[in-house]
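The whole structure should be built from the sequences, with the hints applied where relevant.
Residue numbers (my numbering), protein chains in the order written: chain F, 31 to 415; chain D, 125 to 348.
Mixed in with the good hints there might be a few duds.
Quick list of in silico lysine to aspartate or glutamate cross-link-like pairs, DMTMM-like style, CA-CA up to 25 angstroms [said to hold, decoys possible]:
hint: 1; chain 1: D; residue 1: K143; chain 2: F; residue 2: E234
hint: 2; chain 1: F; residue 1: K267; chain 2: F; residue 2: D243
hint: 3; chain 1: F; residue 1: K39; chain 2: D; residue 2: D261
hint: 4; chain 1: F; residue 1: K89; chain 2: F; residue 2: D256
Example chain D residues on the side facing chain F (calculated, C-beta under 10 angstroms, incomplete) [what the hints assert, rightly or not]:
hint: 5; residue: L234
hint: 6; residue: T286
hint: 7; residue: T289
Everything labelled a hint here was simulated from the structure, so no lab data went into it. Quick reminder that beta carbons are idealized off the backbone N, C-alpha and C, glycines included.
These are the residues of each chain, in order.
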Amino acid sequence: MRVFGLIFKNTLRHKLRTALTILGIGVAILLLGLVRTFIAAWYSGVSQSAPDRLVTTSKINITFTLPISQKEKIERIPGVKQVAHGTWFGGIYKDPKNFFAQFAFEDAGMFHLYPEFIVDSATMHAWETQRNAVIVGVETMTRFGWKVGDIVRLQGTIYPGDWDFLIVGTYTGRTETTDDSQFIFRWDYIEQRMEKEWPARAGEVGWWVVKIDDPARSAAISKAIDAEFDNSADETKTQTEAAFQQSFVAMSGTIIISLQVISILVVGIILLVAANTMAMTARERLSEYAVMKTLGFSGGHLFGLIGGESMLIAFLGGVVGIAAIFPVAHGISIALRAFFPVFPIEAKTLIIAAFSALGCGIVAAVFPVTRAVRMRIVDGLRRVG
Amino acid sequence: MASALVDVRGVSKTYHRDKVEIPVLRNLSLEVPEAEFVALMGPSGSGKTTLLNLIAGIDRPDSGQVLVAGTELGTLGESDLAKWRSRHIGFIFQFYNLLPVLTAFGNVELPLLLTKLSGSERRKHVETALDLVGLKDRMHHYPRQLSGGQEQRVAIARAIVTDPTVIVADEPTGDLDRQSAAEILDLLAQLNQTYKKTIVMVTHDPRAAERAHVQRHLEKGELA
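Here it is, written out as structure tokens:
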């Protein structure tokens with residue numbers, strides 16, 4: 031029998047209490063992992079951003095459109111390699127709750143700007159030759175049971191009327207964290223109809239995506255683009271793609287701060303659960319610790335014994351919680367895929383969860399260890415003759 | 125008389141309960157020669173357990189000195205005192221104080237975990253100690269599976285397994301029936317007579333005290 035054996039036996043002494051503590055820590059770790067994953071999902075757009083891509087939007091805000099005529103001027107700015115535009119469509123498929131992101135792309139050049147979207151050449155060819163063609167991410171295809179060749183009707187909100195799209199193929203993400211839920215069609219499809227029905231809105235695009243030759247010059251190129259349109263009717267705001275995505279996250283800043291506060295509170299809960307158990311345990315065993323000290327066990331031994339038990343319980347709770355993160359996060363990602371197309375369980379999240387559990391195990395042992403070490407043997411034995 | 129193995133020199137000890145001072149030992153001196161079996165008797169609160177604790181090195185006097193086998197315990201820090209106890213003291217408690225999660229074997233092995241003995245060496249020592257107290261066939265039993273007398277015999281095995289210099293016993297028969305108490309006293313007497321172990325025993329029981337070579341009575345913190 032080694033000291034670890036004694037730790038193990040002590041841990042199993044009150045099986046129900048230990049099991050409930052492990053479960054409590056496990057639930058808290060699960061909650062921590064999910065909160066961190068929600069935060070990661072919020073930031074996934076930022077983390078997926080390419081350093082050589084700039085985004086130019088209206089200086090007023092993202093909902094204001096820009097004239098197509100800006101393209102040539104942007105292309106002439108030194109350092110700019112390629113320019114393409116994108117436009118938010120915002121249509122409804124049967125019911126508003128069936129949300130998914132819909133974008134009108136200028137042409138196939140936009141796909142070259144986004145190499146993380148993998149499209150085969152046949153699909154790309156079909157998309158280029160059919161004006162109402164749409165390429166749909168596999169996630170959304172699966173979600174609605176669509177197949178290639180289907181006609182999908184969307185009810186326009188920004189662009190009034192019913193819009194029929196022919197699915198010519200799908201795209202997949204280059205990595206697991208690439209958003210593969212988008213619905214991407216040709217801008218000239220809506221442009222043609224705007225020219226006929228709403229001529230005042232023709233020639234408008236949502237934003238420019240600008241590929242640059244040197245990410246280190248992104249600030250200077252951004253400044254040059256915006257300077258080009260200063261004092262015009264359509265002033266622009268150019269920023270790196272990461273900063274652009276970050277601005278969306280910033281809109282939800284309060285929610286994210288709340289989530290971060292919740293994650294800190296969850297760590298506090300883990301600590302309280304573990305500390306409560308260890309405090310009860312140590313109080314019950316003071317006479318045993320006194321006996322062990324009488325036998326010659328030192329404070330260091332008691333630290334190992336109590337701390338080891340606390341760490342073991344915290345470790346097991348951490349294992350339970352971390353193991354539960356995967357299926358629960360998967361379920362949430364399915365349920366909320368319209369809002370979080372990417373719901374990534376990051377390695378950082380798992381590391382934070384593991385260290386939170388073990389850290390709380392250590393901290394939870396501090397008070398009982400201190401008490402046991404400082405306890406006078408005669409007090410522990412509770413007997414004075 | 126042989127030279128004193130335990131030499132208590134003018135020790136005093138006062139406990140403090142809130143603001144009340146309770147003097148327990150008053151300038152008490154005691155010598156216990158090697159291989160002696162001493163019984164400390166006296167009414168409750170007379171200081172006999174406190175004296176035993178001082179000899180065992182689990183408490184410290186306010187004044188005076190306690191020397192055991194030539195070591196002045198007051199010169200040792202907590203860590204050194206713990207190591208000293210593990211080598212020199214075998215403690216037998218009134219209520220056995222076995223760890224409930226360990227078998228008889230595990231409880232007896234416990235003090236040996238502080239030594240550098242290998243697993244097989246520890247096993248040999250534990251089996252010898254349990255054999256000596258007549259419980260080798262119960263080595264895999266947990267305390268809850270043993271009678272009070274058997275538990276105390278396991279506690280004695282735990283106290284002797286390291287072959288300590290002194291065995292201190294605090295009312296070792298106080299929680300036992302007459303038959304079990306007699307068996308425990310026989311065992312202590314055997315340890316003293318056969319193995320020449322020095323034993324200091326606190327007891328209320330005159331029949332237990334009769335088994336010792338020497339009986340010392342304490343009254344209000346002083347030897348009568």
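Hint by hint, here is what the structure shows:
Distance restraint check for D/K143 and F/E234: the Cα-Cα separation of roughly 88 angstroms exceeds the 25 angstroms cut-off, and the hinted pair is therefore not satisfied. Between F/K267 and F/D243, the direct Cα distance comes to roughly 19 angstroms. Compliance with the 25 angstroms bound is thereby established for this hinted pair. For the hint pairing F/K39 with D/D261, the CA-to-CA distance comes to about 22 angstroms; that is within 25 angstroms, so the pair holds. For the given pair, F/K89 sits about 9 angstroms from F/D256 by alpha-carbon distance, which is consistent with the 25 angstroms threshold.
Annotation: D/L234 was flagged as interfacial toward chain F, and the flag holds, the nearest CB pair being 6 angstroms apart, inside 10 angstroms. Nearest Cβ of chain F to the Cβ of D/T286: about 9 angstroms, under the 10 angstroms cut. The hint holds. Taking 10 angstroms as the C-beta cut-off, the interface hint given for D/T289 is violated, the closest approach to chain F being about 13 angstroms.
When each numbered hint is compared with the structure, violations occur for hints 1 and 7.
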